[in-house]
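Chemist: Sequence:
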Amino acid sequence: MPDADHVKVSCLLVALPIPQRLPYFSCSVAAYCRQTHSNTELVIVLDEGTADARASIAAQVASLGRQDIRIVEPSGRCSLGALRNVSVDHARGDVLCQWDDDDLHHPKRVERQLEALLTSGGDAVYLEDAMQYFPDSRTLYWTNWRATEAKGLPGTLMCRRAAPIRYPETGADATLGEDSAVSMQLQRQSGFHVLTGAPHLYVYVSHGANSWEAEHHRMLARELSISKALLRRRETQLREGLASFDFGPGVVTVQGYNGFAFTLDAAPSESAASRHASAP
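Take 21 as the starting number for the sequence shown in the numbering used here and just add one per residue.
By construction, these hints were calculated from the structure, which means they are not laboratory data. Check before you lean on any hint, since a few could be wrong.
[Claimed, not checked] When the alpha-carbon atoms are kept at most 30 Å apart in a straight line, the in silico DSBU-like pairs for lysine-lysine are as follows: (1) 128 x 171; (2) 28 x 128; (3) 248 x 128; (4) 248 x 171; (5) 248 x 28.
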């Protein structure tokens, strides 16, 4: 097994530059900058969006002064699948990691997934468990994706550069479910592994301006969340795992599919960017 420190990981972020998503973009970039695995790069591919939002993203990235963060601006209108392929084509790393612009990433996400990938010997690893957060109601769910067709949360893909992945650029899957299509492709063609029991590594944010409609996100919380009894048994684990996230002022309610489990108090803010985790 190669030394993980020598493995370069390309985090691939497709951003939709519109005002309501900019706070989440800031959080996502800040989370990248806090990763404990330092041999990384962040490739940001911009969708069309608005001119002002694109300028805001460019200014924010420039202010960081980091050589490991690059912006790519494709010409013309592209599907989400095509934009993800652009990010793959511009990656320079040995390993690729999907890095969504509106979700929250634990500082150890890359480290833990890379360790699982290298240990498994397979081509790809996903997170079987993830937290799902609804900012409007300030509720958190632990979701388990084992019973789904994808076996893990599709947006948590980490794979070797040589893995046979290509996102669909046309058809229904090109704009919704493009990452699920890649998951199914990997299951058919190569080694596939899931990292279990670490939901704190990824917080899937259901903020109302996602690619999927709000009802789809509510369905995931209903169908995939674990029970309040299991949550209470794992309360200590969750509190420790989620301590690095700032959900903004106020109490966050942790719920199971069958009701209330416990609450998380607001944590001290680390930065202006992290405060936006609670933005509607």
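Chemist: Run every hint past the structure and note whether it holds.
Modeler: Taking the hints in turn, this is what the structure says about them:
no.	hint	result
1	128 x 171	22 Å, holds
2	28 x 128	15 Å, holds
3	248 x 128	26 Å, holds
4	248 x 171	22 Å, holds
5	248 x 28	39 Å, violated
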